[in-house]
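Peer 1: Listed in order, the protein sequences are those of chains A and B.
Position 127 (the first sequence) corresponds to 127 in this note's numbering; numbering is contiguous.
Counting the second sequence from 1 gives a position; this note's numbering is that position plus 162.
These aren't lab readings, by the way, just hints derived from the structure by calculation.
All C-beta atoms in this analysis are idealised placements derived from N, C-alpha and C, irrespective of residue type, glycine included.
One should not assume that every hint holds.
Far from chain B, some chain A residues (derived; all Cβ distances over 12 angstroms) [said to hold, decoys possible]:
(1) 24
(2) 36
(3) 37
(4) 38
(5) 44
(6) 47
(7) 53
(8) 63
(9) 73
(10) 77
(11) 119
(12) 122
(13) 133
(14) 146
Once the Cα atoms are required to be at most 30 angstroms apart in a straight line, the calculated BS3-like pairs of lysine-lysine come out as [to be verified]:
(15) B:216 x A:54
(16) B:216 x A:140
(17) A:96 x A:17
Letter by letter, the chains look like this.
There are 2 protein chains.
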Amino acid sequence: MAKEIERKFLVRNDGWKAGVTSRTRIRQAYVTAEPDRSVRIRTRNDETAQLTIKFGTGLLTRDEFEYDIPHEDALEMIEFATGNVIEKTRYTVDFKGFTWEIDVFEGAYRGLVIAEVEMASEEDEPLLPAWLGQEVTGDKRYSNQALATQRLRPELVHAISH
Amino acid sequence: MAKEIERKFLVRNDGWKAGVTSRTRIRQAYVTAEPDRSVRIRTRNDETAQLTIKFGTGLLTRDEFEYDIPHEDALEMIEFATGNVIEKTRYTVDFKGFTWEIDVFEGAYRGLVIAEVEMASEEDEPLLPAWLGQEVTGDKRYSNQALATQRLRPELVHAISH
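Hey, can you work out the whole structure from these sequences and the hints?
Peer 2: Right, dumping it as structure tokens:
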């Protein structure tokens with residue numbers, strides 16, 4: 001079991017692109033998405049796949065269990081998605097001792113870019129790169145689960161151009 | 163992905179006990195139990211554990227994905243059970259080329275004994291041992307999921323003594 005502590009931001013400009021250290025194509029869907037628990041299927045680079053089960057309603061911290069599963073199983077389970085299948089490319093960028101993940105969405109959410117940093121404890125205080133926009137930590141509209149299950153909300157995408 | 167095809171019966175007497183080939187203590191709970199999908203956590207002999215995801219509403223056939231998980235993860239996830247945690251001992255008995263599983267329930271369902279045979283295809287016709295009682299294939303009240311999530315139903319247990 002792992003605890004998840006993170007801060008999440010919209011992205012103001014392309015400044016992060018100069019520091020990219022990795023790039024992963026992600027396809028993901030939820031087979032269960034309830035307020036206090038979720039089961040997510042995710043494929044990476046059309047090669048590997050994980051199943052992730054999360055419990056809890058806390059904004060900063062949730063109980064999380066993740067397992068590798070056969071890619072073929074993932075494709076079959078994605079057929080049973082609750083809501084939207086999300087496609088995005090995840091880039092990593094190192095900044096002052098922390099690794100940031102920048103998700104560039106495709107498909108229905110094209111134009112949406114979200115940056116996230118994971119912390120080892122709630123006391124960690126990662127410095128904020130200049131290319132970050134508005135903080136959306138705890139804004140449920142931008143959670144993976146909400147993006148997958150809510151009706152598509154164009155205003156989420158347009159927010160980032162300001 | 164495996165398809166599940168099975169017949170399920172109540173058990174009339176202890177005739178099966180002479181043919182037991184294995185014995186496994188099972189503890190299981192659902193973290194998701196919806197009409198068309200379920201996520202089940204199961205421990206065996208307090209040593210190993212599996213996560214099982216099932217989709218579909220068919221009575222005979224369902225899509226099923228099963229993965230080994232750390233026993234410790236299972237214990238943590240069982241804390242998030244939807245409904246009852248089921249405890250039972252599963253015995254296997256070979257009869258005329260088929261393996262029967264006999265589940266002897268404990269706790270709230272003490273007295274309930276269910277026998278189940280899995281078939282490779284819907285054309286298989288396993289011979290029925292004399293110790294079988296009423297067939298309950300497709301009777302949702304006796305599904306693992308219903309036993310775990312429904313309010314306890316004493317009449318399910320009492321049915322077997324007749």
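Peer 1: If you check each hint against the structure, which ones fail?
Peer 2: 2, 3, 4, 7, 8, 9, 10
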